[in-house]
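Sequences listed follow chains A and B, in order.
According to the working numbering, the first sequence is numbered sequentially starting from 1.
According to the working numbering, the second sequence is numbered sequentially starting from 1.
Among these hints, one or two may not hold up.
Listed next, the in silico BS3-like pairs over lysine-lysine satisfying Cα-Cα at most 25 Å (straight line) [stated by the list, open to error]: (1) A/LYS117 with A/LYS106; (2) A/LYS103 with B/LYS76; (3) A/LYS103 with A/LYS120; (4) A/LYS74 with A/LYS45; (5) B/LYS25 with A/LYS120; (6) B/LYS76 with A/LYS74; (7) B/LYS25 with A/LYS117; (8) A/LYS117 with B/LYS76; (9) A/LYS106 with B/LYS76; (10) A/LYS103 with B/LYS25; (11) A/LYS90 with A/LYS103; (12) B/LYS25 with A/LYS74; (13) B/LYS25 with A/LYS106.
Hints listed in this document are in silico derivations from the structure and should not be mistaken for laboratory results.
The model shown is predicted, which means the values in this text are computed figures rather than measured ones.
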Amino acid sequence: MNIHIPVQFPRSCKYPVFLFFIVMLIIASIKPCYADNKVVLIAAKGSGIESISNRDIRRVFLGLKSADSDLVNKPVINLYNRELYEDFLKNIMHMTEGAYRRKIVKRIFRNGTEEIKEVKMLNELNTHLTSNIGDISFVYNDAAEKMQDIEVVKVLW
Amino acid sequence: MQKLLSVVLVFTILFICKPSLAEIKLNGFGSVAIGTVVEGEEFLADYPKTGIYNNDLSLDPDTTLGLQLSSYFTDKFSLIAQLAVHGASDYDPEIDWLYLNYYLTPELSVQAGRKRLPLYYYSDYFDVGYAYYWIRPPPDVYTWQISNYNGASLLYETALGQWDASLNLYYGSEESEDNDLLSLLFGASVDETWKNMIGIVGTMSNNWLELRLTHMQGLIDRKISGVSVINDIEQQFLGVSVNFTFDSLLILSEFNNYRQPENDVEYNAYLISFGYQIGDLTPHITRSSFRQEITALGNDERHYTTSVGLRWDVVDNIAVKVQYDNVVDEGVIVPVKGDSSSISLAVDFVF
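This is chain A alone, in the form it adopts within the complex:
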């Protein structure tokens, strides 16, 4: 079967192709702004945590042990940004703050599960993660970039 490509095709597509590249350049230029709003799961550099499912992240933040990786240690709740915390509960834990808090209290007094650590300052989170290899937390991507010896394990949303 012969496919006939009109000779004038490249010429007629010149303008749309040019426009396409311009649009792509614009998108590429605004991408860093979008990235700043990403929320990422972080751990200390060298933790070795390579993959963890959102399902497993939920398990860990409920006080259960990770089923995906032996390298995941304990969760740390990041309270430096209230909106981020509430979004994390909504998008990953699928529950309200009150429901989450009661669930953790039940686990503590039912299973002897350790209380989940909470931090209110980014530098405090940074220090905790680097001195507790394998502990995980969540931050905005731009905050993660400013932290020392911290790596992004996964983009959460």
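Chain A is already provided as a structure; the job is to place chain B on it using the hints.
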């Protein structure tokens, strides 16, 4: 004797494991509650500990303070101990939990020692008022005379697709001398032993639905004023809980059936409750019931309660609650405390 053996076992292992190396965490909980009966004479608010309100204002029936110590020898091996004082028990310290926990895999753990008997949905944290919206779980349903056991359990917790699932198998026994509840009901000193208890608890939950199924069977020995009246009688317990969370709306339910087939004893108990979260406030309404089938012996314990209340989450770890309970006692041969209306106020906290 079994309690003593549990203590000896735990402390022996503690000694071997050099507790000085262990990481120790302390958590606490408390409920300070005050209430009174405004209509009628008495209200049995806490069956197992026989916390009873009368026409005077009283702090004792629902007030509880507890400490939980979790000692982690390694990330897989820990000791959990819970000590509590209850106003209904004259503030004498009681060990509700004392067990060793070991993770065989991230999803499978084994426990040995003294634990709460997981018959009911709220059994495990019955004393932790902060964990639920009532001042106390509905008494019609929580009518257990034995609330702990000494033995071993196996807990499996996993994820099945979008569901969290758990399976708990346990085996154990408990002796209760001069049992509070039975001694109150029989008007004499009652020693109760539940032995060879074997039970299973399964749970499944997702974002909006939680299901719990429990079954236990075992043998009972009972002595009234030192005279054996029940010996090696079989008992069976079956319970189902279905809880819904539709955004701000909470629907909680629990249905239980208890039998002693050889003695022709059977009762059914249920609760159904609706709560609605409005910011930090959760108003709720509950209906609960206990109904014993009339036997040749004439047992006819029957009562139901309608409760309305409000929980206010003041700060992250403190909740203030107010609750009104109306009890209708239909028992003729075995009345519990008669009809009553009561009001109570509580402050629950965890730390």
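Hints the structure fails to honour:
Hint check: nothing fails, all pass.
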